[in-house]
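For chain A, the structure is supplied; the task is to place chains B and C on it using the hints.
Chains as they are written, first to last, in this note's numbering: chain A, 1 to 236; chain B, 237 to 984; chain C, 985 to 1070.
Some hints here could point you the wrong way.
Simulated restraints on C-beta separations [claimed, not checked]: (1) B:GLN266 <-> A:TRP33: 51 to 61 Å; (2) B:GLN266 <-> C:MET989: 55 to 65 Å; (3) C:GLU1035 <-> B:CYS246: 53 to 63 Å; (4) C:ARG1044 <-> A:THR153: 16 to 26 Å.
Since the hints were made in silico from the structure, they are not lab data.
Every residue, glycine too, gets a C-beta built ideally from N, C-alpha and C.
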Amino acid sequence: MKFGVVVFPGSNCDADCYHVIQRVLAEPVEYIWHQQDSLSGCDCIILPGGFSYGDYLRTGAIARFSPVMEAVAAHARQGGLVIGICNGFQILLEAGLLPGAMLRNRDLKFHCQASWLRVERTDTPFTNRYQQGQIVNIPIAHGDGNYYADAETLAELEANRQVVFRYATAAGAVDATANPNGSVANIAGIVNRAGNVLGMMPHPERCAEAILGSEDGRLLFTSLLRWGKGGMSDGR
Amino acid sequence: MGAEQAGAVCPWREMGLSDQEYQQILELLQREPNYLELGMFAVMWSEHCGYKNSRPVLKLFPTAAAHVLQGPGENAGVVDIGDGWAVAFKIESHNHPSAIEPFQGAATGVGGIVRDIFTMGARPIALLDSLRFGPLTENRARYIFSGVVAGISHYGNCIGVPTVAGEVFFHPSYEGNPLVNAMCVGLLRHQDLKRGAASGVGNSVMLVGARTGRDGIHGATFASEELSAASEERRPAVQVGDPFMEKLLIESCLEIIAGGYVVGMQDLGAAGLTSSSCEMASRAGTGIEIDVACIPLREHGMTPYEIMLSESQERMLVVPRAGCETQVEEIFRRWGLEAVVIGRVTEDGVMRIRDGERIAAEVPARFLTDECPVYYREEQEAEYYQRLRQFDPAVLPLPQALDQVLLQLLAAPNIASKQWVFEQYDHMVGINTAVPPGAGDAAVLRLKEAGSKGIALKTDCNSRFCYLDPYWGGALTVAEATRNLACTGATPLAVTDCLNFGNPEKPEIFWQFRQAVLGMSEACRVLETPVVSGNVSFYNETNSQAVNPTPVVGAVGLLENVEQRCGLAFGPDGDLVYLLGPWPAEMGGSEYLSQIHGVEAGPVPRLDLQLEKRVQQTCRSLIASGTVRSAHDLAEGGLAVALAECCLGRGKGAVVELPAAALTGSRPDALLFGEGPSRIIISFPPEQESSVRAAAEQNQIPCYRLGRVGAERLQILIADDLVVDLPVAALYEAWAGGIPRCLNQPSM
Amino acid sequence: MYKAMIRIMPKKGILDPQGVAVGKALAALGYSSVNEVWVGKYMELLVAGDEPAQVELQVREMCSRLLSNPVIEDFSFELVEIGGRP
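With the rest of the complex left out, here is chain A:
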């Protein structure tokens, strides 16, 4: 499994993702500059967090038109793996690779804090190392994490089991008190219909090492490795 971390002007968490894959997991990884039109043969593409184009106009609105996004879209269409983390999720939404849109946090403040998520689905390339319903500690840091989908889209997401992570309390309750930004149905991460494209607001690369307080994010990466070893086909 070869990983590719896309770097847009303004990406900040690219080096963090690279570090986790190369140093913590000892797996092959490359940077992919946003102007490239090929993905260098990478199997799993990561759109990292940060402030691409300063979040100007709307977060992710300008990055989605970067030359590399055509290759990313093609890769996704062919069943290739794509993960959008935080700003990366916002870019996937603007690009239409995932349904819905991102609004500003309901209290209008930026929140950098620990957060707990309930794992809603474990039969994906991204979550097969977690337990169904597991409560994990993966931090957030965003000002625009208020995920929105209209009633029809939301119904589809639920019906097709596309919600992968929801905000929860440490005790496991998925309720309003657990929701840091107002996102609809406490949604913290979703996949596309085919299940090969994941978008999530929390940062798994920030909790893949014990020294940073939680290792729950590491399981997302090891899930990918397990998926990769089991072959690249859609073996659910």
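The following block gives chains B and C in isolation, referenced to the frame of chain A:
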């Protein structure tokens, strides 16, 4: 003659130069300067750029040590941390702009200090801030406070540099004069260290980054004045920061340095192109020639004067290695940045500004830098000094309910949780933050590129102590900053300072300044922390009301093995709690005295620097040997508040029994809330007790058993008298809600 | 040369947190007559062109592709000829 007319006849006065300084310029040039040349002198000779009032005093600081790779005089100080790695750091103020437009003032303050770091070849890896405002009961203070925090958040988060530590303090002396000090720390390999020197005659000089507009012209002189009602009209002087542009500059500049394409680099800050080009030439002993017609502009019809003095943000001067201009341009282009050759390095030592063919200004660079006048200001002991230090806090009544006092202190904004602030900062980006805000006495970063090392970072200043006794206040400030590092297990390496004072032309203010520097210098010497960089901010006065003397220290320490870092929260039930250092007994200058009794007086607590050193060393060695589980020093609120803070970390309670002997020559409130230095609370497993006592004895410091961690209440007994008995939940409610409650209350 | 004056507003029915906050602030200042607030964006573009219909098509395209997010925003614009060469 009216002031306006006088200004027209004597334009130098409008620019902030005295008649005498103008005379000096005439003597140096042997002719009258033209308007542009006069403007260049005015900004370079301002206090902000020229340090004319402070230079003689700054020489008092100890600045050298074996591990100092770069001391004061460059964009940042650089200190070796071993294995070929080094850290660059500096703290700077952006006070005056933040008073007028808090969001952009604070944001551009962050931008400026970050540029000072990466211009040295270091990747910025952490930000810290030290913020001071008037009391939150006032609307204006709330507006400035929230604006400043939002501005730092906006800029720091966007560029992806974590804000990991800091301090926030509220006090009436900062009404109208908020203090916004921003510190940046960067990591570099020794071989990547770059200096801001324009060397190599014939080398090109390139300008890269944002286009030049009319932002902030004469911002340097603005920072060298007191604020008044007229200052509001100077609103155009505030610049707007573009953190996206800054992020592109960070990446591209580090790339050209890593590629070996650069001879020197300098960021454009106060006094814009004038000061950067002048300083680069001065440092190299060369001259510099610039053609303003080459400079990309944002506005139409800008004059050479406006171009040279513009403080448009996010611009850098780069001197490429001869023959490497193309590579440099290519790298900037890839990052979407405009990089233009605007001049070249010359050998005649002259700052020559052209506008196409015409020469617009011609001044030897050293006239603007080395020849800047130096003033030896008059110093006079402040009138209040003897009066206030003779006050004996023992005349104040002893409160009946000491537990209520504790709750009141925990809820006070100066002590309460700062989560409202740091939750707005991305403190995790970079995945190096091993001890985040609130978890320890200092932030601790692991260095993912640099093996097992860690660095500890903190900013500190007790401005109340500094007001009451500038000399000892300065020394206490350095002691506190280094003690905070020791509590995480780090060895202090060096410090940076931001000296915030009122008008130095007033003898009592200058006395505060010089005494504070003397005290800091002595402490730096004993505690072995040279001063490697810093900043002076004078004229923090409104309507002649000066801020408390506020010499902020930014301290950087090293952990050889970051796995040994130590936090402040109590651990498992049954752990013993000890005090390293003497019993607290002095209430002078304490937050307790101010909050509860409305008094700011008394002798400041005594500081024995040798004892302080030994206490820090003891704490450090106990952490390094894995003996202790937590360490937290006493600061605002003293022993009782520190114990509460240790409990709040993990929601643990404690039973603390203070013997009658602790009250000798003292009284209960002095013991619980006195803020004496050199005191650290530690907790550890019971089987380590003899090791702890042995370490204290070996280092010749007192140590006392306080009690045990357990249950969910904090109970403090003094001589078997139960004076505090509170559930941890009550402590939490007071402390966590302190600042939010203040902000939600109807204001005055 | 044309000036396009573009308004981008949040779609009705979607929560506008900024609008809510502004509404509360107005109420706190005593403007109890304000029922609702929506906060959007206003942009001005200077677009070179001779044919107004062409320019309008271009601006409409820019609005749908980049300047607004059709999932959560609506746009409208006015074109004004400002004459002469750039």
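Comparing the hints with the structure gives:
no. : hint                               : verdict
1   : B:GLN266 <-> A:TRP33: 51 to 61 Å   : holds (56 Å)
2   : B:GLN266 <-> C:MET989: 55 to 65 Å  : holds (58 Å)
3   : C:GLU1035 <-> B:CYS246: 53 to 63 Å : holds (59 Å)
4   : C:ARG1044 <-> A:THR153: 16 to 26 Å : holds (25 Å)
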